[in-house]
Amino acid sequence: MSTLNASGWRPEMTENDVTTPSTFTGNRALMLEEALIFEIGDEHTTGVDLDAAPSVQSRLGGMDRNRGIGLPGLSEPQTVRHYTRLSRQNYGIDLGFFPLGSCTMKHNPRLNEKVARMKGFADVHPLQPQETVQGALQVINELAFWLIELTGMHGVAMAPKAGAHGELCGMLCIKAALEARGEDRKVVLVPESAHGTNPATAAFAGFTVEDIPATPEGRVDLAALKKRLGPDVAAVMITNPNTCGLFESDLKTISDAVHAAGGYVYCDGANFNAIVGKVRPGDLGVDAMHINLHKTFSTPHGGGGPGSGPVVLSEALAPFGPIPYAARYADGSFKLVEEESAGEEHPQTFGRMTAFHGQMGMFTRALSYIMSHGADGLKQVAEDAVLNANYILRSLEDTLEAPFAAFGPCMHEALFTDNGLAEGFTTLDIAKGLIDEGFHPMTVYFPLVVHGAMLVEPTETESKAALDQFIGALRSVANRAKQGDPALKTAPHFAPRRRLDETLAARKPQLVWKEPELPIAAE
Amino acid sequence: MRYLPLTQSGRQAMLAVVGAKSVDDLFVDVPQEARLSGPIAGLPMHASEMAVERHFASMAHKNMAAGDHPFFLGAGAYKHHVPASVDHLIQRGEFLTAYTPYQPEIAQGTLQMLFEFQTQVARLFGCDVANASMYDGSTACWEAIGMAGRITKRKKAVLASGLHPHYVNVAKTMAHFTGDTLETALPTLDVDTGFAALADSIDAETSCVVVQYPDILGRIGDMSALAERCHAAGALLIAVVTEPVALGAIKSPGEMGADIVVGEGQSIGVGLQFGGPYVGLFACKEKFVRQMPGRLCGETVDAEGKRGFVLTLSTREQHIRREKATSNICTNSGLCALAFSIHMSLLGERGLRDLAALNHAKAVQAADRLTQIPDVTLVNDSFFNEFTLKLPRNARDVVHKLAEKHVLGGVSLGRLYPGISELENGLLVAVTEVVSAEDIETFAASLQEVLS
Chain B
34 MSTLNASGWR PEMTENDVTT PSTFTGNRAL MLEEALIFEI GDEHTTGVDL
84 DAAPSVQSRL GGMDRNRGIG LPGLSEPQTV RHYTRLSRQN YGIDLGFFPL
134 GSCTMKHNPR LNEKVARMKG FADVHPLQPQ ETVQGALQVI NELAFWLIEL
184 TGMHGVAMAP KAGAHGELCG MLCIKAALEA RGEDRKVVLV PESAHGTNPA
234 TAAFAGFTVE DIPATPEGRV DLAALKKRLG PDVAAVMITN PNTCGLFESD
284 LKTISDAVHA AGGYVYCDGA NFNAIVGKVR PGDLGVDAMH INLHKTFSTP
334 HGGGGPGSGP VVLSEALAPF GPIPYAARYA DGSFKLVEEE SAGEEHPQTF
384 GRMTAFHGQM GMFTRALSYI MSHGADGLKQ VAEDAVLNAN YILRSLEDTL
434 EAPFAAFGPC MHEALFTDNG LAEGFTTLDI AKGLIDEGFH PMTVYFPLVV
484 HGAMLVEPTE TESKAALDQF IGALRSVANR AKQGDPALKT APHFAPRRRL
534 DETLAARKPQ LVWKEPELPI AAE
Chain G
1302 MRYLPLTQSG RQAMLAVVGA KSVDDLFVDV PQEARLSGPI AGLPMHASEM
1352 AVERHFASMA HKNMAAGDHP FFLGAGAYKH HVPASVDHLI QRGEFLTAYT
1402 PYQPEIAQGT LQMLFEFQTQ VARLFGCDVA NASMYDGSTA CWEAIGMAGR
1452 ITKRKKAVLA SGLHPHYVNV AKTMAHFTGD TLETALPTLD VDTGFAALAD
1502 SIDAETSCVV VQYPDILGRI GDMSALAERC HAAGALLIAV VTEPVALGAI
1552 KSPGEMGADI VVGEGQSIGV GLQFGGPYVG LFACKEKFVR QMPGRLCGET
1602 VDAEGKRGFV LTLSTREQHI RREKATSNIC TNSGLCALAF SIHMSLLGER
1652 GLRDLAALNH AKAVQAADRL TQIPDVTLVN DSFFNEFTLK LPRNARDVVH
1702 KLAEKHVLGG VSLGRLYPGI SELENGLLVA VTEVVSAEDI ETFAASLQEV
1752 LS
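From first to last, the protein sequence lines are chains B and G.
Per the numbering used here, the first sequence runs over residues 34 to 556.
Per the numbering used here, the second sequence runs over residues 1302 to 1753.
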């Protein structure tokens, strides 16, 4: 029988009262401090052995570099140690539970890494003659097929490089479709609870953004939305399930109303993991939805990317999708439709949105994941993700305020607020307390529609034991926050760094390393 | 299923806690008509690791891998040798399976790496500051144009004819929808980068001039005079670098006065990957930092006074500023930035300069050998590791014929500029350190055969 305290600590053992000494190095056993490459390397060292360049007459056109660059080099052993030490100052899914709401931090299967590194995918140039890359185009085409079938949509644009780039792709399709209708609609409606990327994308694409309020039940206010629809509204951007972790039950009604008013429905698919294999957005009247392959389809988050954001499109928008794309022909061959043949095969395209064909390295990984699960496994993914979130919601609603729990189950993430904490204690303190307990904190202060939000997304790749330990830890930390434990205000105590001064960083930005000025000798 | 740890009995126990009879009760908010009863019809069921791997191997086998053949493609993506330790280190789970460092106390590994990356990029480009990466070079280029528009409050960008045509097309797509004006031109097969003529097209409406260095045909132009002309007119000079290895041999754009320097970092550490993921590089003068797009990592101290790093100046960003943000970018290219930074640390200044010298020398040898073929001439009078040949016939057909002979012999300008007859005989040839003397000989012999 496993216990929630996995340290081997037994009740009869007495507390050890030894004070922590400081060390000469600043290291703490396995926790090793590491200097910057600029402090440990130098410009004469290199960790790469190269053949000597043959002697030739320079053809650099007199543009030879005559100034130093200032790039330090490290030998290979120093390099391996530097980055290994840095890695150990990071929290990752491989290490533990990472319930960052809206980010779907699920296990990253290593089979995906293996297939992505096959030389037939990893060592292929994007502009090779197409007869030499048929297998790569097949991967894109097979993944496209799965994404279309899983969403019940008409087509898919594979080019976008991340979720926000996918949003841009969808919004450009909408602009192009309106243009083709000869209409210049300027307004995009975005619910208050939306990810910041939604309004930013709409503005980036040249639209004007207006907020739509939420109901007390945490959903889009249908009446307010309907009232605002009109000939100037280009689109509505809706996240479903939304950022409160709730399904937008009225989405079909919303879609019908938006379409009747001549607009389009963009769905932010960041939370598709909750419904994959269970619900097809195409059945709900969605016109465009991006899918974060690094969320639902398990490609690694990499410390901030690379992501990948294919966009599924309705019949109304598919003709406007970007080039290039991989098309399959009756004879089983594949072809990239680029600028050259777009005039014949895809005449209404809005054009190119990135240099090449999208995130091939993410396509291989996502397809490997999808094939591994299959239609049956993906359905189970959604069910387990939703069950895990509800288990957390119901286990903690007696401890933390869960603003929408009374209205019914949540989807893939559970939302709590900071109501009821002791004076001066905040969501941030709870997050930092969880770090000391060995967890990555949940998403904090988002969505903005509740006070001091804590958004917990467990995903389906956590066991019941892992959830139980987290629930116990969060309950403990929350109770400390309610009781006003001063030690929580200064957490984390056991991380590689204590709380960092973000105000100082913003007031006097130090964005690059500079050689320290030599101290002036005292007279 | 191997990725799902819940057991059947565990699920039942959890449902009891939740107070639901079945998991379908948890989907009660989904309208009945939208709920699927079973697995989606017509799709395959789950598969073993072995079966999936086999399917991928069969697809991979249909592609000609660059490393297996004489290989001369470039045009914005270059094949370089990536040391084995790079791929090992980026697969450390603490890097691979982390996310954007929102909790800096347990993300110092990613943050310190980003701080080092920003410094490397800024120094390489000759700029004061750099950000924590963009998606790729082409999207970084458009973001730079947008940033110049915000700084100058003008909406006309002048794009050099030597800017990669896909970068031009990305900018055209965006400008069409944002209402910006772009002036563009096609390159011509001669030695002139056209920088001097560009200076004459700057007027009071011009927000920026965008040049590529070395340009799409491989030519290396001095942008110093152009920078002066830009600044005199209140416009910015944006330089685009698609082959950062070049900067180990030639002057940086920053030292010639470029205000914003963007680039494609794929050459260092990332690999070809059929076009992505790559890593966009973005650097500029310090005075423009608050108009930059993307994540920025900065140095600070913790509560005990120890040095540490955090994401900073986030009031520029979408998660704070929403529709007023400098960009909509969120997830960028963190792991590719790590690969870039590790490879650059291994190279160091000495390694980068040696690598650049080796690339240039091999390119010179290849250019000399290939122009011995009758009727094949060199367009460039300057180049780094890529140059343009003028062939006696359509280069596109030649590339396909070469592929039949298992030689991946460059990128035809017809692929990049379809339908432009003046360019269709142009062949872009890139020669990096991975090309052997034997590869050059095989390429030359095959090209001669195809042309005869």
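Simulated from the structure, these hints should not be mistaken for laboratory data.
Remember, it's a predicted structure, so these values are computed and weren't measured experimentally.
Where a beta carbon is used, it is the ideal one built from N, C-alpha and C, also for glycine.
Watch out, some of these pointers could steer you wrong.
What the hints assert, rightly or not - Listing some non-contacts, in silico: residues in chain B with all C-beta distances to chain G over 12 Å:
1. P54
2. M151
3. P159
4. K208
5. H292
6. P339
7. D409
To be verified - Calculated pairs, SDA-like style, for lysine to any residue (alpha carbon to alpha carbon, straight line, at most 25 Å):
8. K1706/G to G365/B
9. K1607/G to F1589/G
10. K1322/G to I102/B
11. K547/B to D1429/G
12. K547/B to I102/B
Going down the list of hints, with the structure as the test:
1. Every Cβ of chain G is farther than 12 Å from the Cβ of P54/B; the closest lies at roughly 15 Å, confirming the non-interface assignment.
2. Not every Cβ of chain G is farther than 12 Å from the Cβ of M151/B; the closest lies at roughly 4 Å, contradicting the non-interface assignment.
3. P159/B, annotated as away from the interface, has a beta carbon of chain G within 12 Å; the closest lies near 3 Å.
4. The beta carbon of K208/B is not kept farther than 12 Å from every beta carbon of chain G, the shortest such distance being approximately 5 Å.
5. Every CB of chain G is more than 12 Å from the CB of H292/B (nearest about 17 Å), matching its label as outside the interface.
6. The non-interface label for P339/B is inconsistent with chain G: the shortest C-beta to C-beta separation is roughly 3 Å, within 12 Å.
7. The claim that D409/B is not at the interface with chain G is violated, since a C-beta of that chain comes within 12 Å of its own (minimum 5 Å).
8. Restraint check for K1706/G and G365/B: satisfied, since their Cα atoms lie roughly 23 Å apart, inside the 25 Å limit.
9. Between K1607/G and F1589/G the CA atoms are separated by roughly 29 Å; this puts the pair beyond 25 Å, and the hint is violated.
10. Restraint check: the Cα-Cα separation between K1322/G and I102/B comes to about 66 Å, which exceeds 25 Å; the hinted pair is violated.
11. Taking the CA atoms of K547/B and D1429/G, the gap is about 10 Å. The hint holds against a cut of 25 Å.
12. For the given pair, K547/B sits about 13 Å from I102/B by alpha-carbon distance, which is consistent with the 25 Å threshold.
Violated hints, in rising order: 2, 3, 4, 6, 7, 9, 10; the structure is consistent with all others.
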